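Undergrad: Chain residues, written in single-letter form:
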Amino acid sequence: MLRKLYKHEFASLYRILLPLYGVLLGLSVLTRFVSFLPKGESGVLDFWKGLVLSLSIMLIVSIFVVGSVVIVVRFYQNMLSKQGYLTNTLPFKTYNHIICKLICGVVVEITNVIVAAGSLLIMLGTKKGLTQIWNVIKGSYIAFRESTSTATSIVSIIEIAIIGVLSLISGILMFYACMAIGQQFKNKILGSVIAYFCIYAVIQVISTAFITTVTVLGVGIPEAWVENATITTVSQGFIIFLMFVQAIQAVVYYLITNYFLSKKLNLE
Amino acid sequence: MDTILECKSLTKKFKENTALNDVNLSIGKGRIVGLLGPNGSGKTTFIKIAAGLLTPTSGDIAIGGNFVGIETKKIVSYLPDHNFLTPWMTVEGMIKYFEDFYEDFSRERAEKMLENLSINRKSKIKTLSKGTQEKVALILVMSRRAQLYLLDEPIAGVDPATRDYILRTILSNYDGDATIIISTHLISDVEQVLSDVIFINNSQVVLCDTVDNIRDTYGKSVDEYFREVFRC
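Chains A and B, in that order, give the protein sequences.
Under my numbering, the first residue of the first sequence carries the number 1, and numbering increases by one thereafter.
Under my numbering, the first residue of the second sequence carries the number 269, and numbering increases by one thereafter.
Source of the hints: derived by calculation from the structure; they are not laboratory data.
As the structure is a prediction and not an experimental result, all values here were calculated from the model.
Just to be clear, a hint being listed does not mean it is correct.
[Claimed, not checked] Covered by chain A, per the in silico footprint, the following chain B stretches (three or more residues, Cβ under 8 Å):
#, region
1, 288–294
2, 320–333
3, 339–345
4, 356–369
In this text, a Cβ means the ideal position worked out from N, Cα and C, and glycines have one as well.
Given only the sequences and the hints, what does the whole structure look like? Please build it.
TA: Structure, rendered in structure tokens:
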């Protein structure tokens, strides 16, 4: 039955995004098509070429904005507004709903990246251009590998990808936590905004205090590690630290959301 | 008497307000119970706790022998006093939604009721009038073969003809051993269908008896007796 929860969640999220993807890809094809047209003397054709390209770029930006808005609004409407009377009485645990919405949200954001990349490829992808992009990627990788070992560079790339996904997860969960706290107030939207700024301020204070303690005072770093530190070990340490921070944030936001939705639900 | 719902010392507090205070109740199977009381007396809070939307501050509530949770949600069909339908979905979409999540949902029942009311299954919820949306919500809730129906103000805000239809729908669509709890302050409209009543006032249960007993003991209808008890 859990599968059906995901089915309905995806249907709800992609209901708005799929038409947008269609328009974007169509516009990308049109951009590519007009780029083959000869240069006009009057400049009218160039104006239209520029317009179509600008629209496509704006649409690429908008799918990320709309994607994030859809994820947040879906959570609010489905869990905390009137629809919540049905959602929260379905035979599932609260965490089933949170995790389902989170996973679907992450998939939507990843789809956005894939569609945006596909759109750019359609618009700008010539054989020459693609070779240049490939060479840049290859060159960067080789330069990175030369400064470390092959194994370390592969691990680092995987770690950076994990940080990307973790920060996506903690970002979405932060919004969920803000809404879960915000529904305790009479004006739920205002409450959520206030909760967002409070959480943001707390994170800033904690991270500033931590970084100051570690970097300026050197607390918590073994002397032997400092003496033998290389660029590789420092960057590895920093990546692992970032992963750890994102994971901790995600867990805290999840616990806050789950607590408020299961123990302090306020659907009035 | 086989019990479907039992609560012991049930208390719910919201900051300074006490919505329910030490409520003890036992409701049997196969009964149609009126949860009656003035506005703000604690009726909706009681129903929300039973539906699993609120957690009690103290005390216990068990439905079908289980504390409120996934198992009770499977056997409880809840009609809130708010429109819970998804506006962008069609009526058919809502039927599928219920079918997907409730094993006891009967599509046949739902389709029959929709046909009786000439509601088009392809219509989007947001295009339906408020009254029709309320009917669709009731149809979905009553199309489940649940053991306990929790109906929060099902006839408030609808015209008398629709009220009659709703009450007929409720009566003709529940299995004999199922229990219905109807929260309302429109007592005269529901009195005819009730077997038991619970009077709730100032967060406490002040009376829990059968309709017949009330009529015999006080020589009054439930509506008349309610007016006497809750006279301002």
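Undergrad: Would you mind marking each hint as holding or not holding in the structure?
TA: Hint check results:
1. 288–294: Since 0 is below three, the answer is violated.
2. 320–333: holds (count 4)
3. 339–345: As far as the region 339–345 of chain B goes, the hint holds, because 4 residues have Cβ atoms under 8 Å from chain A.
4. 356–369: Holds: 4 residues of the region 356–369 of chain B have a Cβ under 8 Å from chain A.
The structure fails hint 1 only (numbered hints given earlier).
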